[in-house]
Structures are given as C-alpha cells and as structure tokens.
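In our numbering, the protein residues as written are 61 to 167.
Just to be clear, a hint being listed does not mean it is correct.
[Claimed, not checked] In silico SDA-like pairs for lysine to any residue, Cα to Cα no more than 25 Å straight-line: (1) Lys111 <-> Leu100; (2) Lys113 <-> Gly92; (3) Lys111 <-> Gly152; (4) Lys113 <-> Arg94; (5) Lys113 <-> Glu136; (6) Lys111 <-> Arg166.
For the record, the hints were derived by calculation from the structure and aren't laboratory data.
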Amino acid sequence: RISTMNVQDLAQMALSLVFVRGHDQQGGHLLGSREMTLSLVRDVVLAMVEKLKCARLTYPDDAWITHDLVRVWMNEEDAQRSLGEAWGVLDGFVSRLFDEVYDFFRF
Numbered sequence: 061r062i063s064t065m066n067v068q069d070l071a072q073m074a075l076s077l078v079f080v081r082g083h084d085q086q087g088g089h090l091l092g093s094r095e096m097t098l099s100l101v102r103d104v105v106l107a108m109v110e111k112l113k114c115a116r117l118t119y120p121d122d123a124w125i126t127h128d129l130v131r132v133w134m135n136e137e138d139a140q141r142s143l144g145e146a147w148g149v150l151d152g153f154v155s156r157l158f159d160e161v162y163d164f165f166r167f
C-alpha cells in the first residue's frame with residue numbers, strides 16, 4: 061500500500077519516522093520490532109525514490125527528508141545493502157541539490 065501513497069503522505073511518513081528515531085536515545089523508538097521499523101523505512105524510501113524519478117510529482121524537500129530518514133536509521137553500508145540502486149539514486153540526487161545550494165551561496 062505504501063507504493064500507492066501520494067508524495068505528500070510519503071513525505072509526512074518519512075518525517076514521522078525521522079522523529080520516531082529520536083536524538084536523545086541510542087536506539088530510538090520502534091514500531092513493533094527493529095526489523096519491522098526498518099522494513100517500513102525501506103518501503104517508504106523505495107516508494108519516494110520512484111516518485112522522485114517523476115520530477116513533476118515532487119519537490120527537492122522530499123528528497124532531503126527521505127535522505128535524512130535513511131541516514132538516521134542506517135549507516136552508509138546498510139543503506140546500500142538494504143536499498144541497493146535506490147540509495148544511489150537518492151544519494152546522488154541529494155548530492156546534486158547540495159552542490160547547487162553550495163554554488164548559489166558561494167557566488
């Protein structure tokens with residue numbers, strides 16, 4: 061069902077999962093088990109990456125939020141292993157956004 065959600069709902073779900081993780085607790089909160097929570101994170105990320113491929117459906121903030129979601133729940137190796145090509149697409153997209161923002165402020 062997550063794959064059929066609209067972009068706004070996916071972004072809200074991603075943002076909620078970032079806050080579920082928390083910053084003051086080592087393990088954060090879980091929805092059921094750690095495996096179940098990571099499965100939900102993975103499903104949200106994969107669905108959002110599909111939406112990001114259709115640029116007219118999304119905003120750059122959607123990519124940042126989704127990237128942050130991955131980074132608070134997974135390290136780089138786990139993201140690559142769990143998300144595969146989707147992580148490369150998302151990470152590359154956010155890197156290009158960062159470069160554009162950096163270039164804007166640099167000049």
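Given hint arginine 94 paired with lysine 113 - CA-CA distance at most 25 Å:
violated (29 Å)
What's the verdict on lysine 113 and glutamate 136, does the C-alpha distance respect the 25 Å limit or exceed it?
Answer holds: lysine 113 to glutamate 136 is near 22 Å, not above 25 Å.
Is the straight-line distance between the alpha-carbon of lysine 111 and that of arginine 166 25 Å or less?
Roughly 30 Å separates the two Cα atoms, so the pair is violated.
What's the verdict on lysine 113 and glycine 92, does the C-alpha distance respect the 25 Å limit or exceed it?
Cα-Cα ~31 Å, so violated.
So if I understand the rule, the pair passes when the alpha-carbon distance is 25 Å or less; does lysine 111 with glycine 152 pass?
holds (15 Å)
Given pair status - leucine 100, lysine 111, alpha carbons within 25 Å:
With a Cα-Cα distance of about 17 Å, the restraint between lysine 111 and leucine 100 holds, given a limit of 25 Å.
Hint check: violations occur at hints 2, 4 and 6; the rest are consistent with the structure.
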